[in-house]
Amino acid sequence: MFLGKVIGTVVASQKEATLDGLKFLVVRRLTIDGDDTNGYVVAADAVGAGIDEVVMVATGSSARQTRLTDKRPCDAVIMAIVNTLEVDGEEKYRKE
Amino acid sequence: MFLGKVIGTVVASQKEATLDGLKFLVVRRLTIDGDDTNGYVVAADAVGAGIDEVVMVATGSSARQTRLTDKRPCDAVIMAIVNTLEVDGEEKYRKE
Amino acid sequence: MFLGKVIGTVVASQKEATLDGLKFLVVRRLTIDGDDTNGYVVAADAVGAGIDEVVMVATGSSARQTRLTDKRPCDAVIMAIVNTLEVDGEEKYRKE
Amino acid sequence: MFLGKVIGTVVASQKEATLDGLKFLVVRRLTIDGDDTNGYVVAADAVGAGIDEVVMVATGSSARQTRLTDKRPCDAVIMAIVNTLEVDGEEKYRKE
Amino acid sequence: MFLGKVIGTVVASQKEATLDGLKFLVVRRLTIDGDDTNGYVVAADAVGAGIDEVVMVATGSSARQTRLTDKRPCDAVIMAIVNTLEVDGEEKYRKE
Chain W
455 MFLGKVIGTV VASQKEATLD GLKFLVVRRL TIDGDDTNGY VVAADAVGAG IDEVVMVATG
515 SSARQTRLTD KRPCDAVIMA IVNTLEVDGE EKYRKE
Chain H
455 MFLGKVIGTV VASQKEATLD GLKFLVVRRL TIDGDDTNGY VVAADAVGAG IDEVVMVATG
515 SSARQTRLTD KRPCDAVIMA IVNTLEVDGE EKYRKE
Chain C
455 MFLGKVIGTV VASQKEATLD GLKFLVVRRL TIDGDDTNGY VVAADAVGAG IDEVVMVATG
515 SSARQTRLTD KRPCDAVIMA IVNTLEVDGE EKYRKE
Chain E
455 MFLGKVIGTV VASQKEATLD GLKFLVVRRL TIDGDDTNGY VVAADAVGAG IDEVVMVATG
515 SSARQTRLTD KRPCDAVIMA IVNTLEVDGE EKYRKE
Chain D
455 MFLGKVIGTV VASQKEATLD GLKFLVVRRL TIDGDDTNGY VVAADAVGAG IDEVVMVATG
515 SSARQTRLTD KRPCDAVIMA IVNTLEVDGE EKYRKE
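Chains as they are written, first to last, in our numbering: chain W, 455 to 550; chain H, 455 to 550; chain C, 455 to 550; chain E, 455 to 550; chain D, 455 to 550.
Bear in mind the hints are in silico, worked out from the structure with no lab data behind them.
Please note: incorrect hints may appear among the correct ones.
Since the list can't tell identical chains apart, any single copy or any two copies may satisfy a pair.
[Claimed, not checked] Derived SDA-like pairs: lysine to any residue, alpha-carbon spacing no greater than 25 Å straight-line:
hint, residue 1, residue 2
1, 477, 543
2, 549, 472
3, 477, 540
4, 525, 485
5, 549, 535
6, 549, 490
7, 477, 463
8, 525, 541
9, 525, 547
10, 477, 544
11, 525, 545
12, 525, 540
13, 525, 548
14, 477, 487
15, 525, 549
16, 525, 544
17, 549, 468
18, 546, 521
19, 525, 542
20, 525, 537
21, 477, 546
22, 525, 465
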């Protein structure tokens, strides 16, 4: 998984029928210290994540191992909202 | 998924038999702000995308989770046409 | 899929038994305009591609969705020979 | 697999229900000589790895081939703790 | 697949039980001309490869399509030992 911050939304009305009801969020990749990068992914939201929250994203076939994404053409899913990130003994992020 | 813009087509008459009927489009990768990059992928079209449209592309085994691509040697599929992309509270793209 | 040019061959006599009979070709990755890069992949050939031909390569589990590669430890397959590549309204490549 | 060093933890209370009980560790990618890089992954721990240990990480669908991660939206798993790494005839790392 | 040279070994006693008996080799990635890079992967050995041999590595779910790696948390396998590599009409490598 990688760490990301939810920074936006994608709306798409014309899509594979099985994707109806899925919410697509833009997730900016974060560095190991929780800082922004230019990388991103559009991920389906399986946990009710909100803008500016730090999340974990699973990709590939693992992104389909949720009830919402099972058997759907979806290769990235937000599967957890991060409470705390601790690296090298320092707290780099804490959800408020 | 990543965001891309449809910029071309690939025609291939000599191919795996199961790929007959699939349309292959060249998709340029876009940045998080909807700008062009040099990256691209050739993707099967599952949604009737047209040249210059902004789309979402799913890759890997997830690309085979559509009726058109099921069990085919295809690792990228256009599974949605984007209506709007909003990032950091700004609308970066709106389909006309 | 990505676009590549067939530029070489790999011969390997000591290998997984299930790979007997597969032909392994070296494929140079091409840019979106059909130009050379330093990237490459060694791919199984499912379509009878020849040296210098421009081809499409599928990777990952999708590379096993052909009769020749099914259930084999093979993560890249040439699944189509390109006739024409058109990008931004220009023909970038045409098979002679 | 790649080699990494366990450098932190991620706590996430709001997540896919199937992930309950999994421990998520931050793993810094190491070079071929066992040196630090800026790359990282958040991986589920299948072997009881501790902070500062050098481990092997498997990604993709292979990350689900453990009892703890089976059928879960998890794309990276620590599947071994490294005792020794020998490269070019030199011992680059030995677990104390 | 990519081309690599076997340059080392990883010993790990604490690991997923299903991995017992697998040999893990460090494989340096080679360029299209057979030259060294800094990239590497740790791969299970399915063919009895030795130090300094040039090999082909399959990754992802394809790495599990051998008897030794089936259903194991292993995402890279050496599935062939290269005899000859020919690129652009030149022999770049021949196993001695």
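Notebook entry, point to check: Taking each numbered hint in turn, which are not upheld by the structure, reported in ascending numerical order?
Noted result: Numbers 4, 8, 9, 11, 12, 13, 15, 16, 18, 19 - these are the hints that the structure violates, sorted from lowest upward.
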